[in-house]
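Asks: Sequence lines, in order, name chains A and B. Here the first sequence stands for residues 1 to 499, numbered as in the working numbering. Here the second sequence stands for residues 1 to 499, numbered as in the working numbering.
Don't read these hints as lab results, they were simulated from the structure. Worth double-checking, as some hints may not be accurate.
The list treats identical chains as one, so a pair stands whether inside a single copy or across any two.
[To be verified] Here are the simulated lysine-lysine pairs, DSS-like style, with alpha carbons at most 27 Å apart:
hint, residue 1, residue 2
1, Lys74, Lys135
2, Lys431, Lys441
3, Lys37, Lys207
4, Lys16, Lys37
5, Lys37, Lys456
6, Lys141, Lys210
7, Lys178, Lys90
2 protein chains.
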Amino acid sequence: MELKTALQQYYKLQAKLAAYGHAMALIYYDGATTAPKATAANRGQTLSVLSEESYLLSTGKETVELLEFLDAHKAELSQKDARSVYLALKDIRDMQKIPMDEYVEYQQILVEADDVWHTAKENSDFALFMPCLEKIFDFEKRFARYCAPEMHPYNYCLNKYEDGLNMEKCDEFFGALKSRLVPLIKKIGERPQIDDSCLYGHFDAAKQEKFGLALMDIIGIDKGHCGLATTEHPFTTSLGSHHDVRITTNYKEDNFASSMFSVIHEGGHALYDMNSADELAYTNLDGGVSMGIHESQSRFYENLLGRSRAFAEYVFPTVKECFAELGSYTAEDFYRAINKVEPSLIRVEADEVTYALHVMVRYELEKRVMSDELAVKDLPTEWNKLYKEYLGVDVPSDREGVLQDSHWSGGAIGYFPSYALGSAYGAQLLKKMKETVDVDKCIREGNFAPINAWNKENIWQHGCTYTPAELLDRVLGERFDPTVFTDYLEEKYGDIYGV
Amino acid sequence: MELKTALQQYYKLQAKLAAYGHAMALIYYDGATTAPKATAANRGQTLSVLSEESYLLSTGKETVELLEFLDAHKAELSQKDARSVYLALKDIRDMQKIPMDEYVEYQQILVEADDVWHTAKENSDFALFMPCLEKIFDFEKRFARYCAPEMHPYNYCLNKYEDGLNMEKCDEFFGALKSRLVPLIKKIGERPQIDDSCLYGHFDAAKQEKFGLALMDIIGIDKGHCGLATTEHPFTTSLGSHHDVRITTNYKEDNFASSMFSVIHEGGHALYDMNSADELAYTNLDGGVSMGIHESQSRFYENLLGRSRAFAEYVFPTVKECFAELGSYTAEDFYRAINKVEPSLIRVEADEVTYALHVMVRYELEKRVMSDELAVKDLPTEWNKLYKEYLGVDVPSDREGVLQDSHWSGGAIGYFPSYALGSAYGAQLLKKMKETVDVDKCIREGNFAPINAWNKENIWQHGCTYTPAELLDRVLGERFDPTVFTDYLEEKYGDIYGV
C-alpha cells in the first residue's frame, strides 16, 4: 500500500468515527437538555447500536492493519499524523482488551444511570442510584484490569483524563495545596466576613439567560458555532468537530452569580474546543488534549479572569443593566461578593480557595472505592465525614452531598483531580501570559482579543497534537509548580481579607 | 438458513437502521431547534457519513440475500413479517437504483438547503434559495427516473407519500373539491364577515408555550414520550421509535391561535406515531403508514375536533386562564373567530374551507416543474399568478409566497396533496367514529380517551402493517368519498355564515 493512500484511508476512517461521535454526543446532549422524561431507554437502544458500530469500525481487522502499517512507517509521517496514529492505536489496544458486549452494555448503563441519577438527586435518594453506581465502579475496575493489569485501577482512571497522572503525583499535589490552603482558610475565617447580599434576590431565568449570552460575547465566543442551553449540571460538548460546540448552564433564580460563573467556566472549555486548527477537524486531534488542560482553560476564564477586580469593574455596568436590583451597589461590593471565601456544600459554587478541598473529598473517595477499601453503599457516610473533616460543614442531605455531581453517573471516575490541577496550571499560564500581554488592561477595556489570541497561539490551536506535559513545557518553558497557584491565592485573598 | 434465525437477523438489522434513523432525525431536529446558526456544514458532514453507512447497511450483499431468502419464504411468514420484508425489499430495490454518491450528495444538499431556505425566507430572497431548489428538483427527477422509469416522475413523488396516488386521481379529487368549495367560498364572501379580533393582541411566547403544553394534556398526549419545541415551521418527528416523539410550533406574539392550532395539528401526528403497537418499535412498520393517513389524523385533531363548537366551549376557560385579555369575549365569539373563512396568503394559517386551494397551487406548480413545463426560476411569478387566480389575493413578497413552506427545502416534493387528502379522509373517519362514539359529548367533557381509543384500535396501533387503502377499507368498510368532506364543510359553514 502507498503511504499516501493509507493516510487518506485513515483520515476517512477518522471522519467516520467523528460522525458516530457527533451522533452519540448529540443523543447525550438531547437527553440532558430537551428530551421528554421517559425516553432514556429509547436513547439507550440507539446508543447501544451506534457504540457497537463505532467499536467495530475502530477495532475491525482492516482498521488495525491500516494502523499497523502506518505505525510501521511512523518515521516518514509528519508529527501530527504520527501523533494521530499513535493515539488511535492506543485507543484500539485498549478497546481490543474490552469485550464488545461489555463495552456496549456499559454504554447502555450510562444512559440509564444519567436518568436515574437525576431522579435520585431530585429526591435525595442515594439508594435509588446505588445499584447503577455499583455497576459503574465495577465496570471501571474491570476495564482497568483488562487494559492495564500492571497498574492500580485508579491510576488507569486518572490517566484517562490526564496523561501521566497517578495517585503518587496527586497525593503530592494535593498535599502541597493543603499545606498552604488550610492555614489561609483559617486566617480568612478569623477576619470580618464579606457581605455578599448583592448576589441574592429574585433573578428571572430569562434575564439570566440574556446575561449569559452577553457574557459569551464579552469573552469572545462566536455564537454562530456555540450554543447555550439549560441542564441540571453545566457541561460543554463538541458535536462532530470544533465547528459545533454547546455549553449549558443552570439558572438558580435566587442567585445570578451561579449561572454567571458556570457560563464563563463552560465558555473557557468552549473557547479551547472551538479554536483547534481547522485542519484538525474530524480527526482525533480535534479539541482539548486532557481534562487537566481543559480545566486550566475553563477555570482561567472563570476565576483568574472572571473573578478579577478588573473584570468585576468592566462587567458591573452590564450586571446592573440585566439586574436593576443591583443599582445601589458598587463594582467593589460586587468584586468582594464574588470572592467571598466560605467552606460550603456544593463544589460548583465553591470559591477559589476552598474549591480544591471539595475535589480532595472526591479524590479520596474514588481512590478508596477503586482500591476496594470502601463499598459504594458507604459513600454517603464517608462523604459526609470528609466534608466535616476537610471543610467543617455538616451535609444535610445526599442531594447536597454525594449526589450533587453528574460525573459518576457519566462514568467519569478519575476526572475530579483535573479541576484542581487545572486551577494550578491556569495560574502558571497566566503568569506566563502576563510577560507579553497586559491582561489587566485588556480586561478593563473588555478586550479579550489579545488574551484569546495568546491562548489560541500557545494552547488552543494545537488540539491533541502534543501531550499535556509537552504542551505545558512548550508554553511555560519550566516545570509545573503548584506554588504559583497558592502564591496567587495568598496574594489575592490577602488583599481582600487583609490577612 | 433457518427461517427463525433469518428473521432474528432481519429484525436486528431493522433495529440498526432505526438507530441510524434516530441519529439522523435528531441531527435534523437539532438543526431546526437549537443548533447555533453557522453549524449546518458540520451537520452535513456527519449526515453524509451516517447516510452512507445506513445506505451500505440497507443495500449490502448480506442484507439483500437475507431479504431475498425471507421473500422466497413469504408464505410461511406472518402478515406483519411479510409486510415488513416487502417494504424493506421495495426500499432496497429503489435504493439500489440510486448511485450511492448521488444519494449521499443529496442528503448533504438537503442540510444546506434547509439553512439557505431559512435565510432566504427571512430576507424574502428567492434568488438565494433558487440554486438549492433547482438541485432538489433535479435530484427528485433523476431519482424518479432511476427508480420508476415507467412512471411520470411526479407520480413517483406522489407515490412516496401516498401509496397508489397519481396525477389522475389528484386531478379528479381536486376537481371534486373545487366544484363545491369555490361556490361555497363565494357565498360566504357575500355574507357579513366574522369579527375575529379576539385572537389578536400581544400574547407572550412563554404564555403561549404554557397553553400549548396544556393543549397536549387535553388531547391526551403523554408528555413523558413527546416534547414540544420551537421552530420556524412546525413539524413532528420520531426519534428511533414511537417511544420518543417531538412536535414543534412557532409562536406569533400577535395571534395565539396560530400556535394553538399548530400544536393540535402536530399533536395529531404525534398521537398517531406514538401509538404504534409496542411490538413494531425499531422496525420499519413503526409509525404512520402514509402522509395522507398522517394528515387525516393531524387535521382530524386540528379541525374536525379542534375547531368544533364543542371544543371551543370546552377549551375557552383555559384560553381565558392563559390570556386574560379574552375576558370580555364568549366561547361563541371564539368559536366563530377560529372558523373565519377568508382567502389569504399563508397555508398553515388558512381556514378549513380555503385550505385545499392553497394545496392546489403547490400541486399545480410541482406538477409543472416535474413535467419540465416550468422552470424553478419562474416559480415566484407563477405562484403569485395562481394565488390571484385561485384565492383572489395579491402576494406582496416571496416570504409570504413561494418561500413560506419548508417542504421543498426538505426535498418533500409530492407531499402537499396529502394535506387535502388527509382532510377528506378525516371527515369520513369522523363520520364512522360517530357511529359508536358520542364525539361531541366526549369533547364537551374534555374526555379524549374514547376518541383516542377508537383511533388507536382502528388506525394508530397498526403502524405500517396495512397499505393506506387497506387500512381505510378495514375501518370504513366503504370507498373513499370526498363528498363527505365537502358535505361537512357546507353544513358547518352554512350554519356559521347562514348560507
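Asks: Taking the hints in turn, state whether each one holds.
Replies: Outcome of the hint check:
no.: 1; hint: Lys74 <-> Lys135; result: neither (39 Å within a copy, 44 Å between copies)
no.: 2; hint: Lys431 <-> Lys441; result: within (15 Å within a copy, 75 Å between copies)
no.: 3; hint: Lys37 <-> Lys207; result: both (26 Å within a copy, 22 Å between copies)
no.: 4; hint: Lys16 <-> Lys37; result: between (30 Å within a copy, 24 Å between copies)
no.: 5; hint: Lys37 <-> Lys456; result: between (39 Å within a copy, 23 Å between copies)
no.: 6; hint: Lys141 <-> Lys210; result: neither (44 Å within a copy, 46 Å between copies)
no.: 7; hint: Lys178 <-> Lys90; result: neither (35 Å within a copy, 69 Å between copies)
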